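Enquirer: Please put together the full structure from these sequences, using the hints given.
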Amino acid sequence: MTETDKRAGPEAAGGRHAVFDPFAGISGDMVLGAWIDLGLEPEWLQDLADRLELRMDRLEARRVMRAGISATRVLVEPAGGESGGHGRSWSEIRVLLERARLDEAARPMALGAFARLAEAEARVHGVAAEAVHFHEVGAVDALLDICAAAEGFHRLGLIGASTRPVCVGRGTVRIEHGTYPLPAPATAYLLEGTEILSVGYDGECTTPTGAALLAELTHGTPARGDFELERVGYGAGSRDPEDHPNCLRVWIGRAPERGESLVVLQADVDDLSPEYAPQLIEACVTAGALDASVGWRLMKKGRPAWRLEALVRAPAQRAVEEAIFRHSTTLGIRGWTAFRRTLPRRMEAREWRGHPIRVKLSPAADGPEGPWTGKPEHDDVVAAAASEGLAPRAVLRALREAWADLA
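For the sequence shown, my numbering assigns the number 1840 to the last residue and increments by one with no breaks.
Simulated from the structure, these hints should not be mistaken for laboratory data.
Since this is a predicted model, take the numbers as computed values, not measurements.
Each residue gets a CB set at the ideal place from its N, CA and C atoms; glycine is no exception.
Any given hint could be a false lead.
Said to hold, decoys possible - Across the chosen pairs, the derived CB separations fall in these ranges:
#1 Ala-1562 to Val-1727: 28 to 36 Å
#2 Gly-1728 to Ala-1824: 26 to 34 Å
#3 Leu-1764 to Glu-1821: 33 to 41 Å
#4 Ala-1564 to Glu-1510: 27 to 35 Å
#5 Leu-1662 to Trp-1836: 53 to 61 Å
Expert: The following block contains the structure:
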């Protein structure tokens, strides 16, 4: 589970939301084209490339026609030879992204997309994610695609996204180890939990980079019908077939205020020591739960027990259920649908006495337009306290004195 899975849900009340419609597939450059088509300035892409220290022979956005549809095509050509070569390892890319001059809100999303790629490639080749070495994916154009997709998401004021079914194409694709049926192996892993369309168009319609971005931006959340549409953008792919528009369509607007639809999973345990409860909670969160907690119960015949509750999005439900069965003695799990409304939030990186302190900010009682208040991340407070030889409470007190917006 990535850090971005913990942000405000894709249908948080009153926030701007994106609906991806990959009827002809999705790739990194198609996402960028859609962002420009929705109103971002093309000059921002060059500024981002400069901040990432990526040398480009060509970086431009132009209007094109795709089967009668006007769309934006983003062309990315790295400076001679940079796109190929030996590529980069996942460890190298992670260090690069952690140090890059990205919009701070976009950094976790870019890291999350590459982490998904590493995990998918690791599953394909039967190795650890840290051992994955990216080839095409580690190239300059893919780095720009992912970082720009993450920055554009936040610059458009989006707090969440969902997706319609994804066209993956039909036929075969040639990759490093031979010819494989579509979707490519890594693409298939990345789209787990997402409805796909495998018929319709020949060739590879969805690339691993596009699938990773879709997974990171939407978490596989299916699009709902009740949506207040504001704008529509089209990002063009490189091919121009005659029989269909090779475009990614993205709608942005506002979701209804009833909140996000989630699944509550619940299990009662009366024959396992509560010493194992923390490990069970951690296993649920690792499997994809948004939250997990344990409360005490009194069962029939006076037996003491504890009840686990986990809050999950639909794509993660099966994985969390398996974690509950694997890490507890329960023989059954109950579940039902619930709605959750959340306030918008953002994470801000700060520094105190040279120690990095992440602060989670959310609006106060006056609403999103009023002042925002923050809460330091507990792990960062504890780490700073250990380095300074102080109690965590003393560090928290000092942070509140230094930063007036802390609650």
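Enquirer: Compare the structure with each hint and give your call.
Expert: Against the structure, the hints:
1. Ala-1562 to Val-1727: 28 to 36 Å: Distance hint for Ala-1562, Val-1727 holds at roughly 30 Å.
2. Gly-1728 to Ala-1824: 26 to 34 Å: holds (29 Å)
3. Leu-1764 to Glu-1821: 33 to 41 Å: violated (49 Å)
4. Ala-1564 to Glu-1510: 27 to 35 Å: holds (30 Å)
5. Leu-1662 to Trp-1836: 53 to 61 Å: Because 39 Å falls outside the window, the suggested range is violated.
Of the hints listed earlier, those the structure fails to meet are numbers 3, 5, in rising order.
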